[in-house]
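Participant: As a plain string of letters, each chain reads:
2 protein chains.
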Amino acid sequence: MLTTERKALLLDILGKEGRVVAKEVSQKLGLSEDTIRRDLRELAGEGLLQRVHGGALPASKALGDLPTRRNVSTDDKAEIAKVAAGMIREGQIIFLDGGTTTVSLARALPKALRATVLTHSPDIVTALLDHPAVDVELIGGRIFKHSNVAVGAVAIEAISQIRADLYFMGVTGIHPEHGLTTGDREEAAVKRAICRQAAETIVLASREKLGAVSAYGVVSLHEVDGLVVGSKCPENLLGPLRDLGIHIIDTSA
Amino acid sequence: MLTTERKALLLDILGKEGRVVAKEVSQKLGLSEDTIRRDLRELAGEGLLQRVHGGALPASKALGDLPTRRNVSTDDKAEIAKVAAGMIREGQIIFLDGGTTTVSLARALPKALRATVLTHSPDIVTALLDHPAVDVELIGGRIFKHSNVAVGAVAIEAISQIRADLYFMGVTGIHPEHGLTTGDREEAAVKRAICRQAAETIVLASREKLGAVSAYGVVSLHEVDGLVVGSKCPENLLGPLRDLGIHIIDTSA
DNA sequence: AGAGTTCGTGCATTTTCGTGCAAAGGCAAT
DNA sequence: ATTGCCTTTGCACGAAAATGCACGAACTCT
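Protein sequence lines, in the order shown, are assigned to chains X and S.
If you read the first sequence in this note's numbering, its first letter stands for residue 1, the second for the next number, and so on.
If you read the second sequence in this note's numbering, its first letter stands for residue 1, the second for the next number, and so on.
Fair warning: there could be bad hints in the mix.
Note that identical chains are pooled: a pair holds if it fits in a single copy or bridges any two copies.
As the list claims (entries may be wrong) - Below, a list of computed lysine to aspartate or glutamate pairs in the DMTMM-like style, where the Cα atoms sit at most 25 Å apart:
id: 1; residue 1: K82; residue 2: E200
id: 2; residue 1: K28; residue 2: E17
id: 3; residue 1: K82; residue 2: D165
id: 4; residue 1: K7; residue 2: E208
id: 5; residue 1: K28; residue 2: E5
id: 6; residue 1: K16; residue 2: E5
id: 7; residue 1: K145; residue 2: D165
id: 8; residue 1: K82; residue 2: D130
id: 9; residue 1: K7; residue 2: E17
id: 10; residue 1: K145; residue 2: D12
id: 11; residue 1: K23; residue 2: E5
id: 12; residue 1: K111; residue 2: E17
id: 13; residue 1: K145; residue 2: E208
id: 14; residue 1: K16; residue 2: E33
id: 15; residue 1: K111; residue 2: E42
id: 16; residue 1: K145; residue 2: E46
id: 17; residue 1: K111; residue 2: D184
id: 18; residue 1: K7; residue 2: E24
id: 19; residue 1: K145; residue 2: E90
id: 20; residue 1: K111; residue 2: E46
id: 21; residue 1: K82; residue 2: E186
id: 22; residue 1: K28; residue 2: E42
id: 23; residue 1: K82; residue 2: D225
id: 24; residue 1: K145; residue 2: E17
id: 25; residue 1: K16; residue 2: E46
No lab work stands behind these hints: they were computed from the structure.
The task is simple: from the sequences and hints, build the whole structure.
Facilitator: Structure below.
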């Protein structure tokens with residue numbers, strides 16, 4: 001078995017099954033796990049896949065640091081993404097924020113959906129590469145590395161020249177009094193700008209965001225047209241928001 | 001057994017089985033492995049196959065789709081990336097093209113290097129996330145999915161407002177007469193625009209690009225200030241380029 | 001917190017590579 | 001025929017690559 005060939009095979013498996021398990025492959029090929037691990041390590045070095053404990057995952061799914069991302073309400077996010085995806089109509093122009101939840105949303109879009117997606121997030125762009133019917137328009141600007149999105153005057157200028165039907169916003173805090181908040185001023189400014197240009201703003205919030213407050217305000221809750229939350233949200237958190245007239249979409253519905 | 005005949009046989013096996021193992025063939029034909037290796041080396045020199053440890057694989061994958069493209073001559077690319085990375089000075093403003101080679105370059109940049117990178121490629125942005133000292137400025141525009149880069153009027157407009165010290169360009173073809181070529185008209189236009197804004201343009205080309213010609217012209221070779229190629233490039237391909245006054249940087253140097 | 005995996009690295013062994021060299025054969029001019 | 005030149009082939013040898021094993025560290029799960 002030629003080394004190069006084997007690496008190609010690994011990528012092949014990855015493409016077909018969405019993951020590679022070092023142990024399985026080593027048994028199937030009759031080679032030591034060390035060899036497979038080494039291959040995976042090298043492929044990861046070239047950015048062709050993402051190394052994880054026990055094997056490897058596609059590189060495109062590399063977002064945020066692993067320890068954080070792994071345990072935080074993953075099912076929640078997948079649910080939210082699925083519901084949000086269902087809100088999009090054929091032919092609409094959609095603004096997608098950066099963040100793990102919105103990337104899930106992008107990935108959850110029907111492959112056949114004909115729509116236009118505007119985004120300032122490279123991750124969203126990558127997630128939509130295999131949605132042939134979706135046109136993607138990327139907003140440029142200075143990259144804010146902590147969240148991997150474009151920010152700054154250039155981004156806001158570009159945003160101000162576009163109008164969208166829907167904006168799916170991600171935030172780090174949503175609070176009855178303090179409204180929507182996020183951890184960076186520049187990001188907040190961009191979100192605000194997008195909000196202005198979108199006919200409708202939908203906030204995606206996994207459970208831990210409810211009732212939380214971060215440093216920088218984005219917009220007040222009056223600007224929000226809808227809020228998609230996970231299915232297991234306690235009413236004591238949702239109630240105050242509902243009272244403010246926000247349309248709350250529960251994923252259990 | 002005639003030499004030519006044997007080479008044809010090797011290509012035949014490659015076509016049928018998708019690979020050639022030097023040892024197997026040498027035993028089957030009753031010849032030394034050296035002879036087979038020599039044949040393979042020569043065929044590789046003609047671009048008819050790709051030499052790998054233990055044998056050879058098809059070369060035609062250079063034109064495949066994105067996932068496939070990524071496997072082609074990866075060592076070559078890593079070498080090129082390393083050398084190119086060494087050409088960057090502290091504090092410079094660099095334009096990085098999209099493409100696998102330039103992504104390797106991004107990854108190969110010293111973590112401590114203080115510089116500004118301009119790019120229209122989401123992949124480059126992602127690759128630079130863990131380079132804290134590198135400022136990244138993303139060029140927006142319509143996403144051309146085949147290569148995952150921003151193109152179109154918006155991109156070109158944004159590019160025209162920036163000037164850079166260095167531009168590392170990737171192409172699919174570089175030919176003494178036809179100059180630099182690539183497979184998409186929009187991409188060609190973007191590359192041309194960047195070239196205009198950069199003080200110096202360096203082309204990165206793995207072996208299979210030399211002498212190749214694609215559909216759309218980018219710029220003539222006069223615009224090129226440097227060319228970085230892999231270490232094992234035959235002189236018959238490099239000579240004509242050198243004659244045009246292009247500064248060729250061999251990775252073996 | 002502890003048991004069981006998995007990881008990465010260093011090291012030794014085996015395989016493969018590339019080059020230099022010489023033997024063997026073909027071919028043309030002398 | 002002989003000489004000189006070129007090609008082909010195999011062999012030798014140092015270099016590079018690939019693989020497996022061992023061991024201590026890191027990770028996962030309960």
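Participant: Next step is simple, just say for each hint if it's right about the structure.
Facilitator: Hints versus structure:
With identical chains, the CA atoms of K82 and E200 are at most 25 Å apart within one copy only, with a shortest distance of 18 Å there and 47 Å across copies. For a Cα distance limit of 25 Å, the shortest separation of K28 from E17 qualifies both inside one copy, at 15 Å, and across copies, at 20 Å. Taking the shortest alpha-carbon separations for K82 and D165, only the intra-copy value of 19 Å comes in at or below 25 Å, while the best inter-copy value is 45 Å. In this homomeric assembly, K7 and E208 come within 25 Å of each other (Cα to Cα) both inside a single copy, at 20 Å, and across copies, at 20 Å.
In this assembly of identical chains, the alpha carbons of K28 and E5 lie at most 25 Å apart whether taken from the same copy (15 Å) or from different copies (21 Å). Both within a single protomer and between protomers do K16 and E5 lie at most 25 Å apart by alpha-carbon distance, with minima of 16 Å and 15 Å respectively. Taking CA atoms no more than 25 Å apart as the test, K145 paired with D165 passes between copies only; the shortest distance there is 23 Å, against 28 Å inside one copy. Proximity of K82 to D130 under the C-alpha cut-off of 25 Å is restricted to the intra-copy arrangement: shortest distance 17 Å within a copy versus 31 Å between copies.
Taking identical chains as interchangeable, the C-alpha atoms of K7 and E17 lie at most 25 Å apart whether they share a chain (15 Å) or sit on different chains (17 Å). Taking CA atoms no more than 25 Å apart as the test, K145 paired with D12 passes between copies only; the shortest distance there is 21 Å, against 31 Å inside one copy. For the homomeric pair K23 and E5, the shortest alpha-carbon distances inside one copy (18 Å) and between copies (16 Å) are both at most 25 Å. Taking the shortest alpha-carbon separations for K111 and E17, only the intra-copy value of 18 Å comes in at or below 25 Å, while the best inter-copy value is 34 Å.
Taking the shortest alpha-carbon separations for K145 and E208, only the intra-copy value of 23 Å comes in at or below 25 Å, while the best inter-copy value is 35 Å. With identical chains, the CA atoms of K16 and E33 are at most 25 Å apart within one copy only, with a shortest distance of 21 Å there and 30 Å across copies. Taking CA atoms no more than 25 Å apart as the test, K111 paired with E42 passes between copies only; the shortest distance there is 19 Å, against 32 Å inside one copy. Proximity of K145 to E46 under the C-alpha cut-off of 25 Å is found in both arrangements, the shortest distances being 20 Å within a copy and 21 Å between copies.
Only between protomers do K111 and D184 lie at most 25 Å apart by alpha-carbon distance; the minimum there is 24 Å, versus 33 Å within a single protomer. In this assembly of identical chains, K7 and E24 lie within 25 Å of each other by CA distance both inside one copy and across copies; the values are 15 Å within and 21 Å between. Taking the shortest Cα distances, K145 and E90 sit within 25 Å of each other only across copies (20 Å), while inside one copy they are farther apart (33 Å). In this homomeric assembly, K111 and E46 come within 25 Å of each other (Cα to Cα) only across copies, at 16 Å, whereas the closest approach inside a single copy is 28 Å.
Proximity of K82 and E186 under a CA criterion of 25 Å is satisfied in neither setting, with 29 Å inside one chain copy and 34 Å between copies. For a Cα distance limit of 25 Å, the shortest separation of K28 from E42 inside one copy, 20 Å, qualifies, whereas the shortest one across copies, 33 Å, does not. In this assembly of identical chains, the alpha carbons of K82 and D225 lie at most 25 Å apart only when taken from the same copy (18 Å versus 50 Å across copies). Proximity of K145 and E17 under a CA criterion of 25 Å is satisfied inter-copy only: 23 Å between copies versus 31 Å inside one chain copy.
Taking the shortest Cα distances, K16 and E46 sit within 25 Å of each other inside one copy (20 Å), while across copies they are farther apart (30 Å).
Checked against the numbered hints above, the structure breaks only hint 21 and satisfies the rest.
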